[in-house]
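Colleague: Residue numbers (the numbering used here), protein chains in the order written: chain V, 403 to 530; chain A, 14 to 373.
In case anyone wonders, no lab produced these hints; they're calculated from the structure. No residue lacks a Cβ here, since even glycine has one placed at the ideal position from N, Cα and C. Any given hint could be a false lead.
Said to hold, decoys possible - DEER-style ranges, computed between Cβ atoms:
1. A:T319 with V:S457: 27 to 33 angstroms
2. V:A487 with A:T177: 48 to 54 angstroms
3. V:D409 with A:A228: 37 to 43 angstroms
4. V:S521 with A:A34: 36 to 42 angstroms
The chain contents come next:
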Amino acid sequence: MSAVPDDRKYTQTHEWLLVEGQVVTVGITQYAADELTDITYVELPETGTDVAAVSAMGEIESVKATSDIVAHVSGKVIEINGALADEPGLVNTDPFGRGWMVKVQADDLSALEGLMDASAYAALLSEG
Amino acid sequence: MKQTPLHDFHVQHGAKMVDFAGWQMPLLYTGIVPEHIHTRQVGSLFDVSHMGRIEVHGPQAEELLERVCTRRLGDAQVGQSRYSHICNEAGGILDDVIVSRHEKHWLVVCNAANRERIVAWLGEHAADRDVELRDVTDQTLMVALQGPAAIETLAGRLPVPIDTLKKYRFTTGAFMGIPYTIARSGYTGEDGVELILPASVAGMLGAVLPTDDDASLKPAGLGARDTLRLEAGMPLYGHELSEETDTLSAGMAWCVDLAKDFVGADRLRSIAAEGPARKLVGIELEGRRIARPGTRLVDGSGEIGTVTSGTFAPTLEKSIAMAYVRSDASEAGRELAVELGGKSTTRARVVPLPFYKRTD
Chain V
403 MSAVPDDRKY TQTHEWLLVE GQVVTVGITQ YAADELTDIT YVELPETGTD
453 VAAVSAMGEI ESVKATSDIV AHVSGKVIEI NGALADEPGL VNTDPFGRGW
503 MVKVQADDLS ALEGLMDASA YAALLSEG
Chain A
14 MKQTPLHDFH VQHGAKMVDF AGWQMPLLYT GIVPEHIHTR QVGSLFDVSH
64 MGRIEVHGPQ AEELLERVCT RRLGDAQVGQ SRYSHICNEA GGILDDVIVS
114 RHEKHWLVVC NAANRERIVA WLGEHAADRD VELRDVTDQT LMVALQGPAA
164 IETLAGRLPV PIDTLKKYRF TTGAFMGIPY TIARSGYTGE DGVELILPAS
214 VAGMLGAVLP TDDDASLKPA GLGARDTLRL EAGMPLYGHE LSEETDTLSA
264 GMAWCVDLAK DFVGADRLRS IAAEGPARKL VGIELEGRRI ARPGTRLVDG
314 SGEIGTVTSG TFAPTLEKSI AMAYVRSDAS EAGRELAVEL GGKSTTRARV
364 VPLPFYKRTD
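One chain only, chain A, in its complex shape (with noise of 0.2 angstroms):
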């Protein structure tokens, strides 16, 4: 098992640490649903160094990105990032990522159970191209402040115009010699940064950054991560995206550019033609049972969807999942049963995505 940088800040504040993706990482500190509400209150630290860093250099970068992601980047300013997907030839997704460009080269952020896949994908595409690949993950840390105090947090710590930073923007440069890059991004439905910074200053930015009292950013593990993403109606890959899953029946056609040439464009351009079969969408159940991955939806007609997320969510204190449902079948104000298992379905009811957004 891999170990994160910050590792021994971690330990010092508590946290119950969890195998995921081959790294070992807090689950929680004090517990989930406390963190879920100090982010949405507050604001939180998460260490989020396990997820891929993988740079992209030399002339023929930027094509090698066109190629493989569905999203149109060859338009994106230095200092822009943009969401997008890597298909395989079947449309199926191999990963959702983040690509950033930088002046000379440009920076994929990916999943941490993704990277090497994702490095062997790069690299088959970089072989009859003028690319270099360099994985900078291990050199590197990553963290994420997220909430309402996030910026203002950070921007009180650092010589750094961050509150004009506009969403999925970043900025780069070096206070007192250490490089740093931060990012208008996040995975919480919060406002907030991503910081990538060098592993060796692990130590400093423990003793710098979070505190313990309430109304400071405190640390969040991975728990609280995964229910606020889920409220603020964010897919997260292995659940909702898979190979088995496609970015157009996940609802994601914003991070498509049919019109230009990669890998998987056929297939989803058929998709687009015909209409998926089956859509993402968000789940409202009766009552306070949580429906698990793999968790059947079933009306009058049968099956009709198989769940892919599910939890108990601390701020709208409701039992909300994310589903695929069969397209007719898809719409809002739906209802529907849930098998939970045991004796009797859950109602149920088909509602818009996020179910969470943040007023400001």
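Okay, chain V solo, but in the shape it has when bound (with noise of 0.2 angstroms):
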């Protein structure tokens, strides 16, 4: 099982949330990249789009499933990752890193404080 970085939240559903700011970087977790194995496809929202927590803003299929990408803060999304739609892939190889998906401007911070920290979805990783 790869590390878990400890400067971001997680929800149930394996994505992570980084804030800086008011500015909310979204992105799914190793575990969810190797579940949904071999990432063919990246849809995210338009830049500008609002979305709305909790409700899927994007879509993410790989070989073997098609799954949602959820907003779990409200706000307005400010950049995507362009880079996903040539290579999807790195979802797979750098999921915490160049595998990001969407910086949403968020409307009110206090959503996040009901998801895990590090620790806690390490735990729930290792519960299986």
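Work from the hints to combine the two standalone chains into their complex.
Modeller: Structure (structure tokens):
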């Protein structure tokens, strides 16, 4: 099991959220990427889109399955990872780094308080 | 969940295991796409021990198999295998199988998910015949070596003339006291063989066969097996083939002999006379999105078909699918739209099968 970075929050649905000021960067965890297997397509919302917690804001497709990217914070999409259009496999190889997906300008960060920190998420994974 | 004799081998090679038809099977070792590409470029070892292996013995074995199989078998020679369907009375497909004529018996290899019902079906038809069925699945293992380097890899390790073995032929013998069956067949669109060995040699096989170096055969999982067979346009039971479909609609008239008497023949003869209402076709989609089974295909007239399998083809780098479509909309080049969910439909067209054909 790969390490879980301790600088961000985690969801039950295996997204990570990295908070910098009011900007929340969203991606999926190594566990989620491994479960999906080889990712072939990532559909991201357009920049400027309003997203709402908790609802789907995009889709990830792999050879094996299709899965939603869930927004756990409400706000406006200010940037998306355009590299994933040509190289969706970045989500498999570097999910916590170059495989990031969306940056959201959050309306309110309080929704993140209920999310897991790295140790709680690692514990969730070890429960299997 | 049952484990195959090669379970320890999978664990040692870091497989991600999944439950498949009652078996714990390797989904992948390193990744579906790299394993797929390695199979096409070099070669892979697949554990297919979960597939059913049923021996049919006795003086009326041939008559029984001729009665339940769509394909003519009686003219097969010893050492020859034939792909066939087994149908219910209504012509629906109960399973697709490979039937091999051994010297003193026949061997039926069936899908793991259908093993119990095929054993029962054969048993039912054996009741009034002088036949003995032996399900040898648990006593044996089965592996497929597939890819351009598969034949030479095995030929270098066994004193058996494998390179001269023709497609859909097999050879049997014993090497150091270990009985083997080696068949020139597979399910990837590559050249290769399938081996049946005693379950007890699993540990030895793991030590002898694949290595993890890039120039050699490596283990590959069910994930790659599925994308490989789909690129090669091969049907998968439970997707393209089921009791709700029939051999002719699946475009596989070559494995039916309508002149012989077999279970389901009447229905297939009438489908042949009328022409199937829908046909299995290849679909190529625009973009990278994948059409999953059950996805609807539409055109200006409404719904024209349903996807049975789809993937992003690693060799072709295209989104491909197989689907049943109305016969009047099934010709190659036909434009249609795929309802992938979300706002808009995705453009696609009917293409000939297979999507991928090896060149050599």
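Colleague: Could you work out which of the previously given hints the structure breaks and list their numbers from low to high?
Modeller: Checked against the structure, no hint fails, so every one of them is satisfied.
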